[in-house]
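Same order as they appear, the protein sequences are chains A and B. Heads up: the first sequence begins at 0 in numbering that gives the first Met the number 0, then just goes up one per residue. Heads up: the second sequence begins at 0 in numbering that gives the first Met the number 0, then just goes up one per residue.
If you're looking for bench data, these hints aren't it; they were derived computationally from the structure. Fair warning: there could be bad hints in the mix.
30 Å max Cα-Cα, derived DSSO-like pairs, lysine-lysine [to be verified]: (1) 232/A - 154/B; (2) 1/A - 297/B; (3) 102/A - 232/A; (4) 362/B - 209/B; (5) 192/A - 209/A; (6) 255/B - 218/A; (7) 297/B - 209/A; (8) 1/A - 22/A; (9) 26/A - 88/A; (10) 26/A - 218/A; (11) 232/A - 346/A; (12) 192/A - 255/B; (13) 209/A - 348/A; (14) 255/B - 144/A; (15) 307/B - 67/B; (16) 83/A - 22/A; (17) 140/A - 88/A; (18) 362/B - 1/A; (19) 255/B - 232/A; (20) 26/A - 154/B; (21) 140/A - 297/B; (22) 255/B - 22/A; (23) 88/A - 26/B; (24) 269/A - 144/A; (25) 255/B - 331/A; (26) 218/A - 255/A; (27) 154/B - 255/A; (28) 1/A - 307/B; (29) 362/B - 333/A; (30) 154/B - 26/B; (31) 331/A - 309/A; (32) 26/B - 208/A; (33) 102/A - 43/A; (34) 269/A - 154/B; (35) 333/A - 356/A; (36) 255/B - 255/A; (37) 26/B - 336/A; (38) 102/A - 144/A.
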Amino acid sequence: MKRLLRILLPLVLCLNVSGCGMKDIDKRFYVVTTGVDLTDNPEKPYRISLRLAITSAQVESGSSRTEIETIDAPSIAEGVRHLKSHVDKELEFGHCRIFVLGKSLLRTASPETMSFFSRRRDIQMISVFAVGEPDALSVLKVSPKSERYPGNALFLSFGNEGTESPYTITTYLFDLVRKAYERGIDPILPVIKAEGRTYVIDQAVVLNKKGTGLLLTPKETQLYKMTTSRSAKAEVVLPLDEQARVVLTVSQLRTKIGIDRGTVPTVRMKVRVSGILEESPPGLLERDWHGLERRMEESLSGQIEDLLIKIRNSGTDPYGFGLKYLSQYFGKEKDYKYWQSVYPEVKFKVESDIHIKGPGVIR
Amino acid sequence: MYRYFYYHVFYIGMMNVMLFVPHILIKHRFDGAVSGILAGIVIGTVLTVGTVYCYRQFPELGLPEILKRYFPDWIVAALLYLSCLLWLAGGVLGSYTFAQTMGLFFNPDMNHYQFLLLIIVSSVFAGSRSTRTIQFANEILFWLCMPLLLFILFKAFSSPYLSWDAIRIVAGYVAGPPSLTLLAASTFFYTGYLNLTLFNRLYPAKFRIKRLWSIPLLGAFLGFVSFFIPIGLHGTMGVEQYIYLWSVTADSMSLKYGFIQRILFIFLIMFTLLSLMFMMNVFHACMEYIKASHPRHKPQPEQLPVPKTNWIVCSFFGAACFLFSLWANEGRSQWATELWLIVRFLFELGSFVLIIVLALLEKRRSSPSSRSTTSSASSGQ
Numbered sequence: 000m001k002r003l004l005r006i007l008l009p010l011v012l013c014l015n016v017s018g019c020g021m022k023d024i025d026k027r028f029y030v031v032t033t034g035v036d037l038t039d040n041p042e043k044p045y046r047i048s049l050r051l052a053i054t055s056a057q058v059e060s061g062s063s064r065t066e067i068e069t070i071d072a073p074s075i076a077e078g079v080r081h082l083k084s085h086v087d088k089e090l091e092f093g094h095c096r097i098f099v100l101g102k103s104l105l106r107t108a109s110p111e112t113m114s115f116f117s118r119r120r121d122i123q124m125i126s127v128f129a130v131g132e133p134d135a136l137s138v139l140k141v142s143p144k145s146e147r148y149p150g151n152a153l154f155l156s157f158g159n160e161g162t163e164s165p166y167t168i169t170t171y172l173f174d175l176v177r178k179a180y181e182r183g184i185d186p187i188l189p190v191i192k193a194e195g196r197t198y199v200i201d202q203a204v205v206l207n208k209k210g211t212g213l214l215l216t217p218k219e220t221q222l223y224k225m226t227t228s229r230s231a232k233a234e235v236v237l238p239l240d241e242q243a244r245v246v247l248t249v250s251q252l253r254t255k256i257g258i259d260r261g262t263v264p265t266v267r268m269k270v271r272v273s274g275i276l277e278e279s280p281p282g283l284l285e286r287d288w289h290g291l292e293r294r295m296e297e298s299l300s301g302q303i304e305d306l307l308i309k310i311r312n313s314g315t316d317p318y319g320f321g322l323k324y325l326s327q328y329f330g331k332e333k334d335y336k337y338w339q340s341v342y343p344e345v346k347f348k349v350e351s352d353i354h355i356k357g358p359g360v361i362r
Numbered sequence: 000m001y002r003y004f005y006y007h008v009f010y011i012g013m014m015n016v017m018l019f020v021p022h023i024l025i026k027h028r029f030d031g032a033v034s035g036i037l038a039g040i041v042i043g044t045v046l047t048v049g050t051v052y053c054y055r056q057f058p059e060l061g062l063p064e065i066l067k068r069y070f071p072d073w074i075v076a077a078l079l080y081l082s083c084l085l086w087l088a089g090g091v092l093g094s095y096t097f098a099q100t101m102g103l104f105f106n107p108d109m110n111h112y113q114f115l116l117l118i119i120v121s122s123v124f125a126g127s128r129s130t131r132t133i134q135f136a137n138e139i140l141f142w143l144c145m146p147l148l149l150f151i152l153f154k155a156f157s158s159p160y161l162s163w164d165a166i167r168i169v170a171g172y173v174a175g176p177p178s179l180t181l182l183a184a185s186t187f188f189y190t191g192y193l194n195l196t197l198f199n200r201l202y203p204a205k206f207r208i209k210r211l212w213s214i215p216l217l218g219a220f221l222g223f224v225s226f227f228i229p230i231g232l233h234g235t236m237g238v239e240q241y242i243y244l245w246s247v248t249a250d251s252m253s254l255k256y257g258f259i260q261r262i263l264f265i266f267l268i269m270f271t272l273l274s275l276m277f278m279m280n281v282f283h284a285c286m287e288y289i290k291a292s293h294p295r296h297k298p299q300p301e302q303l304p305v306p307k308t309n310w311i312v313c314s315f316f317g318a319a320c321f322l323f324s325l326w327a328n329e330g331r332s333q334w335a336t337e338l339w340l341i342v343r344f345l346f347e348l349g350s351f352v353l354i355i356v357l358a359l360l361e362k363r364r365s366s367p368s369s370r371s372t373t374s375s376a377s378s379g380q
């Protein structure tokens, strides 16, 4: 009797460990991309679109098949719940790593309406958020030929898993949420444009706390990415007079930001770049190595300063200068108020230090 | 052999995450949490080192046996029931939060009583073993947890998204005086030393716990990590909105080349082990207290086979966990945990004073020369 009990008890407990909650993977629909747009209908302001993976055993380029479901709803959660009646399998967000927000949504949405994403436990805090242009649905409708399994093209575009584009900014959910609440820093989101059968992700939009934001051009996006991350895959360009251009591919990069106190604070940014020339008129480097470096430095500093002033004038702060200011001087509430009042007049001083290692393989 | 002492300090220090300690600290991050952690280092170290020195007077004796030397049986029984109740409450709260967290992140469709059942059955089984077995089980579980913990810490510190600016800003709010709740929360990192009340039975006369200087370091490390890393990853303002703060923090780190992408799952596995460790020790300690409250009880740290009483007593504890989860919801369990932390802190202070008095008495009793000075001092009054 006792031995029987000893065997039976663990077996009974094993009933608790029943795997996928009694629902196997062939009875689940994996959402790979979620898009949220704003509609004109005030009763049902959100248009939720889900890109669902049609699972198959084949893994080869072009074999990915997906299905898109769309619904208008008064809130995101209600929309997702309602969408369940449109499909035959249970929706599973555990693999949804890309969330596309429509451009229209940014103008009105507050962080509170977005709480759906951070509230749900199966949405990863490390999923990527982006802005869809012209809207989220058209981004979802793109099906790249190179996709090996559903949704994988967008997964690879972000981070540095696949392509390491200097134009692509990656914003994770936890990063977006913290910047939406944080004092002295504003969120920045990449913009995905749908172009034919592929995505173009070379722009970014900086949001302020109210939602409206500043769209950066591809060049500015690259500068922003260069100066905020240590991502080395960037370039520095110096246009010359005679139609030629000198292009330096960056192999090492480091940015330091410090803020000087004063009646008007000055932001000092030091950018140290070293790399190899990738394109240049022949012999240019040999003639005047240091001169070329200095000219490139000047041009880069100018570009960065223009970007910083543009960002400052728009009233946003994606670099987190405010946060930096507070942290550097252990600032409290009062200091933040002061910073906010002087931010529109903040001065920038950009110093760049370019070190050309060589002209590449040829002279 | 002193390493067994540190295993206890370690797992209780880690359990803070399951008992809302980071949540409480972060709620007050701008008014006293940092100074609370700093004060906690001092208080925790004094309590730990003091208690360790006091127990040196009582080789191979647990708290029940020490109390029996000085107090009548009914006071001993009352004190033991009290401390049993206190620790059982900790175990009950831990089990509830564990079941909730698992239910939320592993499978929300599953009834959370099932998770509770799983951990309760395993803790009843583990807790009812002999003291020596528990001691060894601690070591095994510790070494299972350690690589996971180190990995998570490595990922946290190497994350490019960890904002040191946010950490510095919060560290700047060091001036505010800590409240009682904050002191209670921040001394929890050191509570592991209380295992001596029971496991001192296993330590022979010549035994010394070495490297006591590591106590403030370990406690401060655990305290700063569980307070500052969530702030670094969620910002100074955004951090307060999360209830299961550390689960979300672990989820904010990614594993690019692993089998799984979310560090959350590694974190949950580690906390399954730690919760089991905590529950096992709590159940075992409470069971031993109850058994020792009987006047003629003789402690048997290596008893084999396990007597039926162990099973019965532990099953009652398991039932208590179930009863609590019937009443509790997230808000209530947070409130209860906060209250428990404060009561625990006051109880610790009380028991510290008690053990100092008892240790001094023991010292005088054992050395005859000092006994004469005592009598002369008392006659002089």
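Can you name, in rising order, the numbers of the hints this structure does not satisfy? 7, 8, 10, 18, 20, 21, 23, 24, 25, 29, 35
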